[in-house]
Amino acid sequence: MLSFLASVGRVFLGFLVAAGRFSLFTISAVTHCVRPPIYVRLILRQIVDIGYYSLPVVGLTAIFTGMVLALQTNTGFARFAAQGAVATVVLLSMTRELGPVIAALMVAGRIGAAIAAEVGTMRVTDQIDALSTLSTNPFKYLVVPRIIAGVATLPALVLVADVIGVFGGFLVSTYKLGFNAGGYLGQTADNLRSEDVYSGLIKAAVFGFIVTVMGCYFGYNSRGGAQGVGAATTYAVVSASILVLLVDYLLTSVLF
Amino acid sequence: MAAARKIAVRGLRKSFGPKLVLDGVDLDVHVGESLVVIGGSGTGKSVLVKCILGLLEPDGGSVKIDGAETLTLRGSEREAAMRKFGMLFQGAALFDSLSVWENVAFGLIQGRGMERRHAKDIAIEKLGNVGLGPEVGELRPSELSGGMQKRVALARAIAAEPEIIIFDEPTTGLDPIMADVINELIVKCVHDLGATAISITHDMVSTRKIADRVAMIHRGKIIWNGGAGELEHSGNPFVDQFVHGRAEGPIKMEVRAL
Numbered sequence: 001m002l003s004f005l006a007s008v009g010r011v012f013l014g015f016l017v018a019a020g021r022f023s024l025f026t027i028s029a030v031t032h033c034v035r036p037p038i039y040v041r042l043i044l045r046q047i048v049d050i051g052y053y054s055l056p057v058v059g060l061t062a063i064f065t066g067m068v069l070a071l072q073t074n075t076g077f078a079r080f081a082a083q084g085a086v087a088t089v090v091l092l093s094m095t096r097e098l099g100p101v102i103a104a105l106m107v108a109g110r111i112g113a114a115i116a117a118e119v120g121t122m123r124v125t126d127q128i129d130a131l132s133t134l135s136t137n138p139f140k141y142l143v144v145p146r147i148i149a150g151v152a153t154l155p156a157l158v159l160v161a162d163v164i165g166v167f168g169g170f171l172v173s174t175y176k177l178g179f180n181a182g183g184y185l186g187q188t189a190d191n192l193r194s195e196d197v198y199s200g201l202i203k204a205a206v207f208g209f210i211v212t213v214m215g216c217y218f219g220y221n222s223r224g225g226a227q228g229v230g231a232a233t234t235y236a237v238v239s240a241s242i243l244v245l246l247v248d249y250l251l252t253s254v255l256f
Numbered sequence: 257m258a259a260a261r262k263i264a265v266r267g268l269r270k271s272f273g274p275k276l277v278l279d280g281v282d283l284d285v286h287v288g289e290s291l292v293v294i295g296g297s298g299t300g301k302s303v304l305v306k307c308i309l310g311l312l313e314p315d316g317g318s319v320k321i322d323g324a325e326t327l328t329l330r331g332s333e334r335e336a337a338m339r340k341f342g343m344l345f346q347g348a349a350l351f352d353s354l355s356v357w358e359n360v361a362f363g364l365i366q367g368r369g370m371e372r373r374h375a376k377d378i379a380i381e382k383l384g385n386v387g388l389g390p391e392v393g394e395l396r397p398s399e400l401s402g403g404m405q406k407r408v409a410l411a412r413a414i415a416a417e418p419e420i421i422i423f424d425e426p427t428t429g430l431d432p433i434m435a436d437v438i439n440e441l442i443v444k445c446v447h448d449l450g451a452t453a454i455s456i457t458h459d460m461v462s463t464r465k466i467a468d469r470v471a472m473i474h475r476g477k478i479i480w481n482g483g484a485g486e487l488e489h490s491g492n493p494f495v496d497q498f499v500h501g502r503a504e505g506p507i508k509m510e511v512r513a514l
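Sequences listed follow chains A and B, in order.
For the first sequence, the working numbering assigns the number 1 to the initial residue and increments by one for each residue that follows.
For the second sequence, the working numbering assigns the number 257 to the initial residue and increments by one for each residue that follows.
Isolated chain A (complex conformation) (with noise of 0.2 Å):
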């Protein structure tokens, strides 16, 4: 019995070192974030990596993200005579949740991962460390631009999602489901509201940030070699995803 309790007590303690561990890098990443100097030609590199090249993988899930949510909708709402409410729910469902959701859990397996890889290369091989002794601080020179690449980029991906995976619900809509494109585009304008694509565009910073925070947190910190490149690039891929989930539904909450 008292070995059990030891064994929680410890998986309890670990946690917290973890959390705390973890609290104290996000806090440094932040002030770093907002103190000189600023690296801007490796800021921009990072958005031309985090967000130029995911256009493809975030556009296509959106399209058919878009396109399933316009068949199942049909046909969850034929049941009550409501299918005049697809576009709006198409409309709706892309720009609070899905657009943001979708193009963050792309961006975690895409970038999370590459970020956690890259940098957890260079600690294992004491590039990290070779920036320190070059008086570059490996902070401003690894994780800021990344963050903060991420924080500006994701939101660009969102609004990209939103559009696609609208039209993706108007091509469904159109051509299988033989709703009039006129209407289906007039009701998509009439309950366009700022406020549901501005609350995406918040949840997109938020989620940009925990994909490269705990991308660069997991590489930063990772040990013994290619396994350890390797565990950390899982660890950062699954809690960015499942933070991005949490998160999703605590802003929610928040927002409206």
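These are calculated hints, taken from the structure and not from any lab test.
Hints may contain errors.
When the alpha-carbon atoms are kept at most 20 Å apart in a straight line, the in silico EDC-like pairs for lysine to aspartate or glutamate are as follows [what the hints assert, rightly or not]:
{"hint": "1", "chain 1": "B", "residue 1": "Lys275", "chain 2": "B", "residue 2": "Glu289"}
{"hint": "2", "chain 1": "B", "residue 1": "Lys320", "chain 2": "B", "residue 2": "Asp352"}
{"hint": "3", "chain 1": "A", "residue 1": "Lys140", "chain 2": "B", "residue 2": "Asp352"}
{"hint": "4", "chain 1": "B", "residue 1": "Lys508", "chain 2": "B", "residue 2": "Glu486"}
{"hint": "5", "chain 1": "B", "residue 1": "Lys275", "chain 2": "B", "residue 2": "Glu313"}
{"hint": "6", "chain 1": "B", "residue 1": "Lys320", "chain 2": "B", "residue 2": "Asp282"}
{"hint": "7", "chain 1": "B", "residue 1": "Lys340", "chain 2": "B", "residue 2": "Glu325"}
{"hint": "8", "chain 1": "A", "residue 1": "Lys140", "chain 2": "B", "residue 2": "Glu333"}
{"hint": "9", "chain 1": "B", "residue 1": "Lys340", "chain 2": "A", "residue 2": "Asp49"}
{"hint": "10", "chain 1": "B", "residue 1": "Lys340", "chain 2": "B", "residue 2": "Glu419"}
{"hint": "11", "chain 1": "B", "residue 1": "Lys508", "chain 2": "B", "residue 2": "Asp448"}
{"hint": "12", "chain 1": "A", "residue 1": "Lys140", "chain 2": "B", "residue 2": "Glu335"}
Values in this document were obtained by computation on a predicted structure and should not be read as measured data.
Please arrange chain B on chain A, whose structure you already have, making use of the hints.
What follows is chain B alone, placed relative to chain A:
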């Protein structure tokens, strides 16, 4: 008159969990001196230099550079103190994402805010100092052999003309001829810059070539230090065993059965 102390380490302690790695290290390095720290694998050599550089935070003790305590420095003060150092890492630690010349010029551009074109000229000059042509500057580190990577790392370490250069296992993984080339370059670069040097190694050929003075670390303590010429007749059984590479002696290697 004896040269002034450049680095003074006192009572340096560092543990990783229950494992005590540095157990009160005392060490002086004088201006312009080349000190080689020898010792077996896992005896704390790398941890010692990482503590001196501030890459690891020791549990206790003092590290003074030019008489000023460095362990308490943070932020920009630490970055300023680091400008006195150049470091050659065991695995070279070149930045994969940058070209060779950008690696060499990194400290000049990022650390000192030098204009890129000027920094590139210096980088090409430093590559020449380590026997590499300007065409190598445009390559990526992954395109170089191990020996060339070490040379580039050496060029990077000396690019900003530091007052103190630290060499971590400079010849590990190199063939004997390339190891000798690196040793020659280390001696030449340290001499040309008038720098103070600390090297850590278990390569005795390298030690004999580059050391003015040698210190041996064992179980987290400096157990002997003396001039390079005294190494063969130290009278210390630990040093004797290490220098002559004998399996029998007071140093017991921990071998775990498979």
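Non-conforming hints, listed in increasing numerical order = 1, 2, 4, 9, 11
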